[in-house]
Structure formats: structure tokens, C-alpha cells
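> Listed here are the chains, written in short residue letters.
Number of protein chains: 2
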Amino acid sequence: MNATPDTLALRSQCANAIRALAMDAVQAANSGHPGMPMGMADIAEALWRHHLKHDPADPKWIDRDRFVVSNGHGSMLLYALLHLSGYDLPIDELKRFRQLHSRTPGHPEIDVTPGVETTTGPLGQGISNAVGMALAEKLLADEFNRPGHAVIDHRTYVFLGDGCLMEGISHEACSLAGTWQLNKLIAFYDDNGISIDGDVKGWFSDDTPGRFEAYGWTVLRDVDGHDFAALDRAIAQAQASDKPVLVCCKTRIGQGSPNRAGTAKAHGEALGEAEIALTRQALGWTAAPFDIPEAIEQAWSALEPGARRRRDWNDRFGAYAKAYPELAAELLRRLSATPALDHRTEAALASAIEGAEARHAAVATRKASQDVLQEVGPAMPELLGGSADLTGSNLTDWKGHRPLKGRGTGNHVHYGVREFGMAAIMNGVALHGGYRPFGGTFLTFADYARNAIRMSALMHLPVVYVFTHDSIGLGEDGPTHQPIEHASSLRLIPNVDVWRPADATETAVAWRQSLRRDDGPSCLLLSRQALPHGGDGRERIENIARGAYVLRRPEGERVALLASGSEIGIALQAAALLAADGIPARVVSVPCLDAFDRQDAAYRSAVIPRHLPRLAIEAGSTGLWWKYVGERGDVIGLDRFGESAPAAQLFKLFGLTAEAAAERARQLVRPQGAIAADSEFGTELNAVLSSN
Amino acid sequence: MNATPDTLALRSQCANAIRALAMDAVQAANSGHPGMPMGMADIAEALWRHHLKHDPADPKWIDRDRFVVSNGHGSMLLYALLHLSGYDLPIDELKRFRQLHSRTPGHPEIDVTPGVETTTGPLGQGISNAVGMALAEKLLADEFNRPGHAVIDHRTYVFLGDGCLMEGISHEACSLAGTWQLNKLIAFYDDNGISIDGDVKGWFSDDTPGRFEAYGWTVLRDVDGHDFAALDRAIAQAQASDKPVLVCCKTRIGQGSPNRAGTAKAHGEALGEAEIALTRQALGWTAAPFDIPEAIEQAWSALEPGARRRRDWNDRFGAYAKAYPELAAELLRRLSATPALDHRTEAALASAIEGAEARHAAVATRKASQDVLQEVGPAMPELLGGSADLTGSNLTDWKGHRPLKGRGTGNHVHYGVREFGMAAIMNGVALHGGYRPFGGTFLTFADYARNAIRMSALMHLPVVYVFTHDSIGLGEDGPTHQPIEHASSLRLIPNVDVWRPADATETAVAWRQSLRRDDGPSCLLLSRQALPHGGDGRERIENIARGAYVLRRPEGERVALLASGSEIGIALQAAALLAADGIPARVVSVPCLDAFDRQDAAYRSAVIPRHLPRLAIEAGSTGLWWKYVGERGDVIGLDRFGESAPAAQLFKLFGLTAEAAAERARQLVRPQGAIAADSEFGTELNAVLSSN
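From first to last, the protein sequence lines stand for chains Z and G. Mapping of the first sequence onto the UniProt record's numbering: position 119 corresponds to residue 119, and the numbering continues sequentially without gaps. Mapping of the second sequence onto the UniProt record's numbering: position 290 corresponds to residue 290, and the numbering continues sequentially without gaps.
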């Protein structure tokens, strides 16, 4: 594939170039992980120089093979590969490994480094992203390829280590990869027998090959990870498999280092100057730090073969576009960097909003969400729904959806009871491109998926999470299933938009905003129980999108009630009770604090006015609401676990009623002198604060 | 075991009693899950009537077998078993299934129902708790049994379903059970081929027996879950194994229901009166709803055999106590319901606090934590430490600790890279009793364990979580590893005490409070980097325990700076800068908002005074701090993801410096008129609010 004859010696030195760069960069930073890059360097040489289909000049080429470093602490392996292959990652960036605003952060990050396919580091998630990528590839190939026109035909390669395999998420994602028979997924297991605490035998004695065979994978056992010929054979074999493949590579962590190789010390700290010198000697690597001999540089460059491959693909795509112009245009739309919503989708969303307004019905917001999907699903071919085995409860399906099960294809994925795996797979789908994934579970079990939701946010992926059964309103299932802290906990994750709509119209707008978003995930927190229709008018629809708006503004208002979701009904009833008492109360609906915080100061002050005493009502943690009600305000919520009982009884038990809200509002509008002297910082029961 | 001859017909009717109670209770509640209890009724009969060692009259008998329903939605199976066996769970409670304040909540809850060993429902966690219970039993037996005196010798039985096996945590916990060779753990897999979305083949095609063999378990394949003789044989075989055992039982969900059995519809909804009538007919069950024929009642009662077994054990324990009086006393102390800390432990904690004060050193709080463990570890035999493969980073070990690896015993568990599994196993250890578990990982990866932390809190288990690398202060590893929202997110979980100590003394006090706690978990958020010693004096030590206290109180104070952990150093420096400007600033250290919120109003007002403008500083989410600083206050924090760079540069980059804090404090003490007119609700950059 390269002009230089590929002798064993050359291949060794190519691998050693990775080792040298890794140990030198870690040494320069005095921080990082040399062990994995040195241990996997030979595997990387075999894959990248002889099998990987990519073009360093076009890191976004849509039919490139994907390469995922699931053991992301080995980031220097990837940076070395990208640099050596010819990506836009100059040697100076490697010298600035782990420094502020370099393109070589501690763990690989998309958007920072060209050629990085996913942000990894949290173990087990990279392989799960890769499962999502391979799924997207399979679906896209099925949808767009035509006989003689395999325009989508690439593989997903993964490097992973013991840590990834110990993590539970690897079970979830790899089990699904087996069920789905994702034969273009090839994972290389860095079986070096070492994790941070030392020899893994004491805490990781799985027969990993047996485990993966149980998932329906092809397993290539006992491949010598330092034998190029063995690796070539294994890769060829893997590519021929009709199942996902785990290549079990016996390796030595820190290979090449005379005193550190094979030890936990090689994992996560710089080797030190002395050991680096010894390693150079042992490897026969004489070049200065960060210097790559020209022959090695040439041998590594993938620019020429990459350009050739891409030209070839461009020709083939040209023929495809000629034969199937509409398909080609749609494929390009779907795979563009920031795919705008198609006009059909926008029309479907508009229709869903209008339908909700027209129906004016009391409906569970999970059902209202399904009504939206019923409009959007048929109009949006890139929509890829799913649920973690709660389809009928989350209502993520729609009439005419095509269930994706087993080896088949479809547009609604049955993920099984695998919340974390679902989320990380959706991240992989979004990273690959071509589909807009959403998936459902109960809000409580957002906990299981939490770090993958965080990764959606960190990677700016427009994944939509449908979290139903959003409060004690789920009733009898009890405290294990009743979210309390979850809405607020999700709001705390940067770059997540958390929507908790109060009625069908708010639900439809929340869906529209979530689908329009292209720079991060959205969570839709939906009720199990029916909620009344909240308000009317075109202005309201516009304002819902702003995250909070005035739903009721009486003359001479003396207090403002803020609420979200199911508590809007309580707020409106409380306002009616207060009106009867001669206390006009504003009601502010707050479907999305995140969107509201992005509005300008004038809008925010106009909606949540500081001249009025304010009471917030939400069936969940109170803590975040004090920012909006102030010390003189009050919050009705729930800072304790729930109970198992019918929902209506629970709202009453916990004081989430119109009567209780009205009473608390009355306290707020009392003259200040009348407030009890022992008033205190907000507790859930008595948080009325005296002003000072 | 019972007087009535145990004919096949009797056994069938005993199992049918479970089926009848389950379908009648679910019908009465019109809510719940009949499918699992009806499907596993025969297995339950075999285990509970013929093998389980327990005494319904003493649900806390320390040498009882543990029984865990990991598929907790099948709670009616457990309630039926407890009622029928003779536990204090009258039939009226079963009639009130899922009703407010009944003893039969939607999912099994400890402390609510006698005989329930763990709260289950979140799938996969029950089996993981069971692994912890079996681990505790093994360790306790090793520590306390003596030749001829097997006073601790019981098994842990688990029922689990497809959902548990799909969840990633089942991989983590069952892998460890295999590594540890927990041969007294016996799990019954309800292999009914159905989950909520339908036939599992489409999303769960694992060869589960193969998977568990890969973990080193004994697997009994293809056991007919409706054949008593087969079940008896399987249980006998399982009890004889030297490994943990998975009994794979082929069952039909909703067995007995002519039209619902074997379908997803049987899983989670009432059968309906008509189908119940048909089922009664099919089962030959003629008794009225909630009526148990006397012969069946007698056949089920475990009171007599239970009393016999317990008397036998009491005799044996008496002999043990005679031979080993100190061991017996210690065992009883360790297994008492709320084990008070031993005087040695209290002395060690006092010594640790005094040592920290005396050293007066700048030290990373993770190191300060290890210094505490160095005192406490040797003095507290019930301490069971551990780490999710970050021992040398979390510093959870101490000189002389005994690492627990493989088949061995010890007092520091190498959990491997399994955060969720670790947490749920610790819950199981705490539930079993005899040990006080704590375990470490990076704070960011608290996300992975999150729902198990919630379960610690819901179950009031005094588990201690050691979360190190608590902020951007971890530096180069970058945003995937830098906690932002984590401190606040953990604070939001009810009944979790979150400590973020600012120096070695606060760390020691935090450990003392966490170990003294007997009604819930504590999280210790510890720094990677060294923090200066914060203050002096006995009064401070007392006040640390109150969650917040005044660290610096100058004459004529005009502003208060609130901070936790590493930001106390910033606050103290800012106060010095402000003092130079003639602005005396109070500094309040806030190691634990949860503990502070429990103080009386007088203390809280004295520490965080409402007459002063207040600035909070914490290297994390700002949202929760507005409750303490008020609308006229300000918060310096971080509501975005971090960056990969050396820590000191990051604090500067994100404005977490003494200079920035002093400047923001100066803004707060400016006359109100000087505040810009466009001031707005708190955003991270400009949150100064005008008063109104």
C-alpha cells in the first residue's frame, strides 16, 4: 500500500514511532498514559497501515472506516496515528499534549482533533458508541445502497482494554451487537492482563472469549498482538466474518520499556528520562524526541492511498447519483455536518402543534408525545426511535413504525432493558450521522444512563431522551420508580435542555425545539397521568420555546406562581382559589429552565418579575428553584423519597395541591411584619424568608 | 418438613396459593405484575418449603438464608411467601397491595415489610446486592467461625429475570461473584422468554448459560421451572457446588392463566375478573379471593421448622459463646441492628482529627482521607474498604490493609473497573451486616453508580463513598474526567450527606460523621491537589460537623464569602485582598450543605447572615447556591464542561481565583444604585441582582 517495501523491520519501526511519540509526549506533559499506546502500537500499525479505509485529507468522508479508542486514556496512540498518517495534527500539537487549548487533550475529544470519531475516557462507552456507529452504517447501507452501488460500505474498528470489558455497559452494547449481527464491527482487545490496581487476575477472571461467543460474536483467540503476520491474518479473518468480531490480542503493556513493560506502573505515568533512554535503546530508536525519520514518515503517510480511495468512492458515488439522483441528494442531506430539518419534518411538527391546540384535550404528556411522533415519524426518515423495553409505557412508537429486532432493520429500536447501552449507542448513531436517534425509559432510570447523557452533552450530540413517568404521578410502583431529584439533576448537566411540558401543546413545542437543536441533547420529561390543556394562542406557542412564559396575568397581580409539567394544573387551580380571596396571582409556566436562562434579561424579568413575591411548585427537588423565587419566595416540592400508592393520594400526602399552594401564596403576600420571627432558609415545609 | 404428606397435588396447590394471591392482589389494586409470581410460584414452593433456612418469627435471625427478589416487580410473590410462611404480614396487608402506607408497596422495601432483605425494582441491583450479601457471609464466616463452630453458615438465594440479565450491572456483579467463587450464592433465572416489549429473542439472544460459565459459575441448564422433582434435584446440586450457581429455569410467565400465560400482557397488568375466573378453574383453585384453605395454610407455615432451626442454632451459638466469648460478643456487636462505633474506632477518629490539626499541613484531601484510614483501619475490624480499580488514586488503602482478590479474604476489595457493581455490592454488604463498606472512584464516575447511591439512601444504608478528583483540579485528564455537576447532583439525592472538606481536619471530621451515621450514605468529595490547612481550634472541629461554620469573622464585616473544599483557599485569599481594600469579609466554610440544612434556624442565620451580601465560590454547578446567597448575592462556579490542562491554569481560565472573587465581592458591596440596570437572574458570569 506504500511505496517503501514493507519489511518486518520497517513495520517494527513504524510501530516504534508510535511508542516514541507516546512516551515523549507523556514525558513532556509529565502526565498521561504511555502503557496502552506502547502495548497496542503493533496492532495499530497492522490496522492503520494495511487495512483502515480513510483519507487524512478528508476526516469527514462519509464512507470512511470509523476508528474508536474505547480505552481513551491511550489517547497518545490516536494522536500519533493521526499525525503519522497525515491528518492536520502537526508535531507541535503532540508536543503540547494535555496543555491548555492544544489539539491533543488528555482524552480524545471530537471537535478538538481532526480524525477523532468520539470522545472517550469513561470506560465502556467507546465500544458502545462503536456499536451505534456500526448500527447506523448497517441501516444506512440498507436504506441507500442499490444493486451495484454500495456507496455506504465501511467498517467500525475499536480498541478496548480490560477496563472497558469490566464495565457493565460493555455487556449491554456487545450483547446487542451480537443480536444485531453487526458484522462490520471489529474490536481489538488489548489483553495485557494489567489494570491500574495491578494484575487483573485478582478481580477479572472472566473467560472473555467465552463471554463474547455467548453474545454471538466471532472470537479470534490468542492472537499475538506483537506479531504482524498474526495480526494481518486475524484482520483478514475478521473482515470475512458474518458476525461482530472480537480479536483477543495478547500484548504487553508498555511494550519496549525494559523495566516498565508488563507492569501497572506503565499504565498511567511518564516513564522518566532514564527509562525512556533505555527504551529507545531497546527499540533501536535513535531519533530525537518528536523527530520521525523520513523513511518512517513516508511509510506512515496515508495521504496518497487515502486520496486514491476517496477518488474511487467519488467516482462510484457519481454513478450512484446519476442512477438515483434523489437518493443521493437525500443521503448527502442526511450526512451533512449539521443536517437541517427537512421541510416535511417542520411541517409535521407544525401540524402536531396545531393538532394539540385544536384537540384542547386533557392528555398524558407521554401520549401527547406519541401524537407528535405520529406526525413526525412518517415524515422524517432519519428518525430512529427506541425504548429500553418500555415501548408501551414510554409510547415511543407510532403507527407504521418498523420495529428493529434481531438481524433486521427498522426505525424503532428495541434496546431491551439496557438504559446506559441505549444512550451510548444513540451517541454512536448520532456521531456516525444519517439518523436522529431518540430513546425512552422511565425518568428514574435516567440514572442508569447518566454518564452517557453527559457524553451527549459534552459531544454536542442532538440526541433526544424521552423520560416518561416523570414524578410521584406514576403512583403505585413506589419510591424506587418515582423520580425526585432527576429533573433538577439533569438540568445541572451542562448543555442539556430539560423539557417538562405541562400539556400537549407544550409537548409538541418541546419536540420541535429538541429536533431543531443541533448542538446538544434534550430530555423530555413526560407524565404518566393526564394533564389538562394549559392555555391558548399563537403567542403562547412562540413563548413556550423560550422556556418560560406568562400563562395567566390578572389585573393587579400580587403574587406569581411558577410551575412546570403536572404542577401547572395545581398552579392554575391555586390561582383560582387566590382570586376568590382577592389575591390576583400570575401563573408562569416553566417548561425548560435551560431555554429560559438563555433569554435576554428583559424577557426574563418580564416573565419572572422580581417585584412580585414568587412561589415555585414542582413535584421534585426544590433546590434549583430558589434562584428564581429569591429569599423572599417559597418553593413547594419534594426533597424526600416517594411512596407506593395511587398518584392522587401521593400529591395530597406531600402537599402538592392547589389548596396548599394557595395557602403558601397567601403567606407570601402577608405584610412582612406578620412573618414569623423564626423564619429560616428554605426547607421544604417552611421556607418563607424575611427580607432584610 | 411439614406434617401433611407432601404429595405432588399438595405442592401444586401450595404454588397455586401464590398464584391466587398474586392475581387477586394485583386485581384489587388494579396495578402490579402478576406474570412473574405466577411463573415462579413452583420454584418458590420448592425453595421456600423445602430448602430455605429461615424463621418467620425472627426475620432478623443472623444466620438465616437471605432471599432476594431481583426482579422486584414480582413483589407479590414475596408478599405471598412471607404471608404464607408465617411472617407478620396479615392477609389484610395483601388486600391493601400498593396502597398508601400498607406493608405491601409496589416493589419490595426493607423497613416496610418484615422478611424483605433488600429494596428492589431497579433491575440488576438485587442480584448485585445478593453478591454483596454472599461476600459478607463468606468474610464473616472466615473471621468468626472456628473448627466445629460454624455459627455463620447460610446461603443467599436470588430470583431474577431477563431484565436483570440484560442490565450491565449484572455483568459487573456476577463477574465478581465468579472471581470470588461465592459458592453460597444460588440464583434462579426465570427464563420465560418474555419482557415488557414481548418475546425477548429480538433483543436478548445471549447464550446466558455460556455467559455465566465464562464468569466461573456453575450453570444448571434447562431446568423445568414447573417440575418440582427437577427443581429439588437442581437445588440439591446447587447447594453442593463450590462455585456460585445459576439455575436456569424454563418457565411460562403468568403460568396458569389460560389466555395470558406466555405473553407480555401477563407481565404488568391485572388479568381482569374474567381471566382470573378462568385461571381459578384451570388451576382447580376454588377458594375465594384472599382465602387460603387450611390444609394449604398448614402446609406453608414455616413457623415450626423455623423455630426448630433457630433453637438448634441458638444451642450451637451458646456452645460457641462458651468456647469463644469475645468472638461471640464481637459478632453480636457487629450484627446488631444499629451497630454503634466501637470505642477503639471513636478513639482512632479522635486521634485522626487531632493528628490533622497538629500537622497543620497543606495536603490533598484524598491523602488526608488516607491518613484517617491509617488510624481507623487497624482499629475497626468491620471496615471493608475498596476501590473500582483506582486504589492508588483514591488512596482507599492503608498500611497493613489486606487486599481482597480472587478466592481470598481481606478488608480492602479490588472491585475492578465496576463502579455500579461496587456500589450495589456495598449495599448488599451493608444489608447483610457485619461490615461497614466504603469504596472509591473518581467523582465523575459517581454517575456510573448513581442509582445504587440512590438505593443506599432509600434503604438508609451507612455506605461511605470516597469520590476523589473532585473538580477541574484533577487537571490534564480533561472534561470527561472533571466533575462539574456532580457535587450538586449528589446533594439533590434525598438522604445523602455530601462532604467536600477543605483541609485535613475537615476531612477527618467528615469521616467521623460518615462512620457515625447509621441511617444513610455519605459521599466524601476529595481533592487530587494539596489544599492549605484552613483554621484552628476546638470550636471549629465541633462546627465542621454542623456542615458550615464561620472560618473568619473580621470586625465590621461587609460581605460574606461562602465556599467548600478547594475554594476555601480562594475565599481566604480573596478576604485578604478585600481587607487590604478596607472591606472586611467573613469567610464561611461549607463542607456539607446537607448537615447544615439540618441545623436549627438560629445557627444557620448566625453562620450565613442575611444582613450581609453573600458570594459563594465552588468549582462546580452554581444552581444550588442561590438558596444561600439570595437574589442580591452572587455565585462563582462552573456551569460548563472543563478543559484538559494543568489544574492551576484551569482555575485561572474559569475565573476561580482570589482576584476574581475579590472583584465580585466588591461589586456586591457597592451601593445599590451603582449596579447596572440590566442586571439579571444569576448567570455564571454576571448574576448581581438588584434588590426590589
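Treat the hints loosely; a few may be bogus.
[Claimed, not checked] Covered by chain Z, according to a simulated footprint, are these stretches of chain G (three or more residues, beta-carbon under 8 Å):
id, stretch
1, 27-36
2, 43-55
3, 231-244
4, 289-301
5, 474-482
6, 636-644
Simulated from the structure, these hints should not be mistaken for laboratory data. Computed from a prediction, not measured in an experiment: that's the story for all the values here. No residue lacks a Cβ here, since even glycine has one placed at the ideal position from N, Cα and C.
> State for each hint whether it applies.
Each hint, compared with the structure:
1. For a cut-off of 8 Å, the count of residues in the stretch 27-36 of chain G with a CB near a CB of chain Z stands at 3, and the three-residue condition holds.
2. Under a criterion of three residues with beta carbons nearer than 8 Å to beta carbons of chain Z, the stated coverage of the stretch 43-55 of chain G fails, only 0 such residues being counted.
3. Remark: the stretch 231-244 of chain G is not confirmed as covered by chain Z, as 0 of its residues place a Cβ nearer than 8 Å to a Cβ of that chain, below the required three.
4. Proximity of the stretch 289-301 of chain G to chain Z, defined as three or more residues with a beta carbon under 8 Å from a beta carbon of that chain, is not established by the 0 residues found.
5. With 7 residues bearing a CB less than 8 Å from a CB of chain Z, the stretch 474-482 of chain G meets the requirement of three and the coverage assertion stands.
6. For a cut-off of 8 Å, the count of residues in the stretch 636-644 of chain G with a CB near a CB of chain Z stands at 5, and the three-residue condition holds.
Checked against the numbered hints listed earlier, the structure breaks hints 2, 3 and 4; every other hint is satisfied.
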